[in-house]
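When you get a sec, could you build the whole thing from the sequences and use the hints?
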Amino acid sequence: MAAIPPPPGTGRAAPPRGRRGRRWLGWGFVAPFMIVFALVFLAPIGYSIYLSLFRDRLIGGTSFVGLDNYVQAFQDGQFWSGLGRVALFLAVQVPIMLCIALLVALALDSGRLHGRNFFRITIFLPYAVPAVVATLMWGFMYGDRFGLVADINDAFGVSLPNLLSPGLVLASIGNIVTWEFVGYNMLIFYSALHVVPRSLYEAAEIDGASQLRIVTSIKIPAIRGALVIATIFSIIGSFQLFNEPSILKPLAPNAITTYFTPNLYTYSLSFSGQQHNYAATVAIVMGVVTMIIAYVVQLRGMRKEA
Amino acid sequence: MTNKPLRRSAQAIAVLCAAALSLTACGSSDDSGSGAKAADAGSVEAALKKGGTVTVWAWEPTLKQVVTDFQAKYPKVKVKLVNAGTGNDQYTALQNAVQAGSGAPDVAQIEYYALSQFALGKSVTDLSAYGAKDLSKAYSPGPWNSVAVNGGVYALPMDSGPMAMFFNKKVLDKYKIAVPTTWDEYLTAARALHKADPKAYITNDTGDAGFVTSLIWQAGGHPYTVDGTKVNVDFGDAGTKKFTEVWQKLISEKLLAPITSWSDQWYKGLADGTIATLSTGAWMPANFVSGVPSASGDWRAAPLPQWQAGQTASAENGGSSLAVMEAAKDKPLAYAFVKYANKDAGVQARIKGGAFPATTADLNSQAFLDTEFPYFGGQKANEIFAKSAGNVAKGWSYLPYQVYANSVFNDTVGKAYVSSTPLSDALGTWQEASVKYGKDQGFSVGG
Numbered sequence: 001m002a003a004i005p006p007p008p009g010t011g012r013a014a015p016p017r018g019r020r021g022r023r024w025l026g027w028g029f030v031a032p033f034m035i036v037f038a039l040v041f042l043a044p045i046g047y048s049i050y051l052s053l054f055r056d057r058l059i060g061g062t063s064f065v066g067l068d069n070y071v072q073a074f075q076d077g078q079f080w081s082g083l084g085r086v087a088l089f090l091a092v093q094v095p096i097m098l099c100i101a102l103l104v105a106l107a108l109d110s111g112r113l114h115g116r117n118f119f120r121i122t123i124f125l126p127y128a129v130p131a132v133v134a135t136l137m138w139g140f141m142y143g144d145r146f147g148l149v150a151d152i153n154d155a156f157g158v159s160l161p162n163l164l165s166p167g168l169v170l171a172s173i174g175n176i177v178t179w180e181f182v183g184y185n186m187l188i189f190y191s192a193l194h195v196v197p198r199s200l201y202e203a204a205e206i207d208g209a210s211q212l213r214i215v216t217s218i219k220i221p222a223i224r225g226a227l228v229i230a231t232i233f234s235i236i237g238s239f240q241l242f243n244e245p246s247i248l249k250p251l252a253p254n255a256i257t258t259y260f261t262p263n264l265y266t267y268s269l270s271f272s273g274q275q276h277n278y279a280a281t282v283a284i285v286m287g288v289v290t291m292i293i294a295y296v297v298q299l300r301g302m303r304k305e306a
Numbered sequence: 001m002t003n004k005p006l007r008r009s010a011q012a013i014a015v016l017c018a019a020a021l022s023l024t025a026c027g028s029s030d031d032s033g034s035g036a037k038a039a040d041a042g043s044v045e046a047a048l049k050k051g052g053t054v055t056v057w058a059w060e061p062t063l064k065q066v067v068t069d070f071q072a073k074y075p076k077v078k079v080k081l082v083n084a085g086t087g088n089d090q091y092t093a094l095q096n097a098v099q100a101g102s103g104a105p106d107v108a109q110i111e112y113y114a115l116s117q118f119a120l121g122k123s124v125t126d127l128s129a130y131g132a133k134d135l136s137k138a139y140s141p142g143p144w145n146s147v148a149v150n151g152g153v154y155a156l157p158m159d160s161g162p163m164a165m166f167f168n169k170k171v172l173d174k175y176k177i178a179v180p181t182t183w184d185e186y187l188t189a190a191r192a193l194h195k196a197d198p199k200a201y202i203t204n205d206t207g208d209a210g211f212v213t214s215l216i217w218q219a220g221g222h223p224y225t226v227d228g229t230k231v232n233v234d235f236g237d238a239g240t241k242k243f244t245e246v247w248q249k250l251i252s253e254k255l256l257a258p259i260t261s262w263s264d265q266w267y268k269g270l271a272d273g274t275i276a277t278l279s280t281g282a283w284m285p286a287n288f289v290s291g292v293p294s295a296s297g298d299w300r301a302a303p304l305p306q307w308q309a310g311q312t313a314s315a316e317n318g319g320s321s322l323a324v325m326e327a328a329k330d331k332p333l334a335y336a337f338v339k340y341a342n343k344d345a346g347v348q349a350r351i352k353g354g355a356f357p358a359t360t361a362d363l364n365s366q367a368f369l370d371t372e373f374p375y376f377g378g379q380k381a382n383e384i385f386a387k388s389a390g391n392v393a394k395g396w397s398y399l400p401y402q403v404y405a406n407s408v409f410n411d412t413v414g415k416a417y418v419s420s421t422p423l424s425d426a427l428g429t430w431q432e433a434s435v436k437y438g439k440d441q442g443f444s445v446g447g
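Same order as they appear, the protein sequences are chains H and R. Each step along the first sequence adds one to the number in the UniProt record's numbering, with nothing skipped, and position 87 is 87. Each step along the second sequence adds one to the number in the UniProt record's numbering, with nothing skipped, and position 421 is 421.
Among the hints, a few may not be true.
What the hints assert, rightly or not - Ranges of calculated distance between the beta carbons of each label pair, as one might list FRET restraints: (1) H/Pro166 / R/Gly353: 35 to 45 angstroms; (2) R/Gln99 / H/Arg300: 41 to 51 angstroms; (3) R/Glu253 / H/Leu42: 56 to 66 angstroms; (4) R/Lys436 / H/Arg116: 54 to 64 angstroms; (5) H/Ile49 / R/Ala72: 48 to 58 angstroms; (6) H/Gly167 / R/Gln248: 15 to 25 angstroms; (7) R/Ala72 / H/Ile121: 58 to 68 angstroms; (8) R/Gly378 / H/Val129: 24 to 34 angstroms; (9) R/Lys436 / H/Leu113: 52 to 62 angstroms; (10) H/Ala107 / R/Lys436: 48 to 58 angstroms; (11) R/Ser296 / H/Ser159: 25 to 35 angstroms.
What the hints assert, rightly or not - Footprint (simulated), chain R over chain H, 3 or more residues, beta carbon under 8 angstroms: (12) 56–70; (13) 249–257.
To be verified - Calculated from the model, a selection of chain H residues having no Cβ within reach of chain R, i.e. all distances over 10 angstroms: (14) Leu51; (15) Leu106; (16) Val195; (17) Ser199.
No lab work stands behind these hints: they were computed from the structure. Cβ coordinates follow ideal geometry from the N, Cα and C atoms, glycine included.
This is the structure:
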């Protein structure tokens, strides 16, 4: 491989007069991006922050309240219960999902499976099903009056616990999300494993390493970057949990509250309570919390890699 | 999981686009004429002669025929009928349009329980100026009291939902259970039925705010008292207690089918005898015909069971009105359409389409009362409904923010259906949530 030639000296060669003009020229090239960036990314965030500083009431109209909404959010039991619920979801569902995805990816990568492509497609398939459809489908299966659970109860004369009861509905949602996203995460891991040079495995085998040893000492360390990325995506996904509970709500109206997850809470606040300002506040607080946790995970993940 | 943010924003964009479309579709809101103060019955006639365009947001299916008839009668008037969603979906769009200051329709369908919220927010026009006050005798008292709020008349009643009990005669006959006439008998019947067939239930209930408030209404309860911006919420009164006493037993003894209304399971349950009775508004027959065709002939209507033997009290469940928006371009013309649809010739067209009217003249007309329902085995069910309409308990009012209160019903009262929380405590929690929201919104709330 030829070494990349060092970039030609830039600043030194240019005459001092052109500096100012060129600086603006640079901005000109970046402008199309900056405009779109400002409109699409910064403006909505700015508008949400602006909204969160006001309060609109049925009696008395809109008034500026400063940080009152934030104070309210920090004392809001419903918000924290929703956040606690997704945190629990994150702590239980994400490790399970990523472990399954990793196992499947390693199995596919081992080259010992017959019909590898068939399995890869089959496991990836649920990801291609829209979340709304997937949830409706699972909702029908969970139903204990008709659907799969009812059929099992009838066929075996047993009485399975109601999967849509308040105590189990979070686990039921976890099952749906796992089903949906194992394939997606598997694909991330699988493609990361694909770029690991095969010669390493051969060398390890010659050294007498078992398959398990190859997995723990070569494969997993090699895809640590992919693991961190998948974890961060999953954290964000967990905190943004919305589709599944929102669609299951009509099937389990008393088990899934309007503040079941922070996103669902934001949605109910603005659409049934007309509390747009407070909804914006909750959304911002939630965004900050997600960012902090994702950042911490990233820092930890990267440090280990170093 | 990565695509969730994407999908979410895609959804948000879709919602925005839909909103933008529906707004622009009925846009072109120049404010001419909204300042016209010379509002009287004469201006309505003049507006009809002059012609113009009226945009109507409604989901009631029978209005389509009314619009056709209206345009045939007044060729200069063009009516644009837009379905902007049912119930809450439409209110959200409506509230957004009102807030945005443009894109709101001239006329909107609003359910009775939600009307006072719009009246209070001054989004809908007081129609007294156009002669609406003189129509008080034309409508049955329940619906009229729902539109005549805060000293004005904010809409004309479109249909009504005087309650009746529909029962599956086949199921009750099979187990030799008499049709209950009181709620105590209802409880006994529920026990007998479920014992005879563990798969059958007297009715389904997973917590429905409209149903619970209607039964408290029938029992003579007044949990909500509203005087302008002064609101009181009290689920501790005698009427509420009557309701909780019976219903608590139905819940605790697991005599209610855990099936949510309007779900697929519900239609199935109504068809196959799992759900033996259904206490709801008189608008239900059309839904039976379209949603449960296989059970045709099995069902009958009966008066709502009573809290005290020998009484005839009733209540309303559901029903909606047509209101003229404050932002309407041509209010007299908008009122002309509302009056045509809900008081004049439009009513007959809608009855033919299966609607249940709110006008006393039609409710008492012999032709209406003599209508035989093939679905109910030829029963003249309108006789029962019309009687119920006349017996609706007086003095009921909903909260000025009932839309919100109902949205948190399952968060609070729902607990009583899935855990050991007593119903009365759960209603107390609902009361607290309603009081808190009211205070947040600037009402002076007691309770």
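- Task: Examine the segment 56–70 of chain H: at least three residues should have C-beta closer than 8 angstroms to a C-beta of chain R.
- Result: holds (count 4)
- Exclusion check [H/Ser199 not at the chain R interface, CB over 10 angstroms]: holds (32 angstroms)
- Quick one: are R/Lys436 and H/Leu113 within 52 to 62 angstroms, going by C-beta? holds (58 angstroms)
- Query: Is the distance from the Cβ of H/Ile49 to the Cβ of R/Ala72 consistent with 48 to 58 angstroms?
  - Reply: About 54 angstroms separates the Cβ atoms of H/Ile49 and R/Ala72, which means 48 to 58 angstroms holds.
- Task: Using the Cβ atoms, figure out if R/Lys436 sits within 54 to 64 angstroms of H/Arg116.
- Result: holds (58 angstroms)
- Per the coverage rule (Cβ-Cβ under 8 angstroms, at least three residues), is the segment 249–257 of chain H covered by chain R? This one holds; 6 residues, not fewer than the three required, reach chain R with a Cβ under 8 angstroms.
- Between R/Glu253 and H/Leu42, does the C-beta distance stay in 56 to 66 angstroms? For H/Leu42 against R/Glu253, whose Cβ atoms are near 59 angstroms apart, the range 56 to 66 angstroms holds.
- Item | 10 angstroms Cβ clearance of H/Leu51 from chain R | holds (12 angstroms)
- Message: For the hint 58 to 68 angstroms, verify it against the beta carbon of R/Ala72 and that of H/Ile121.
- Response: Holds - the Cβ-Cβ distance for R/Ala72 and H/Ile121, about 59 angstroms, lies within 58 to 68 angstroms.
- Message: Does the beta carbon distance between R/Gly378 and H/Val129 stay inside 24 to 34 angstroms, or does it fall outside?
- Response: violated (48 angstroms)
- Message: Confirm or reject: H/Val195 is not an interface residue toward chain R, with every Cβ-Cβ distance exceeding 10 angstroms.
- Response: Nearest chain R Cβ is 20 angstroms from H/Val195, so the label holds.
- Is 41 to 51 angstroms a correct range for the gap between the Cβ atoms of R/Gln99 and H/Arg300? The hinted range 41 to 51 angstroms holds for R/Gln99 and H/Arg300, with Cβ atoms some 45 angstroms apart.
Hint compliance for this structure: hint 8 is the single one not met.
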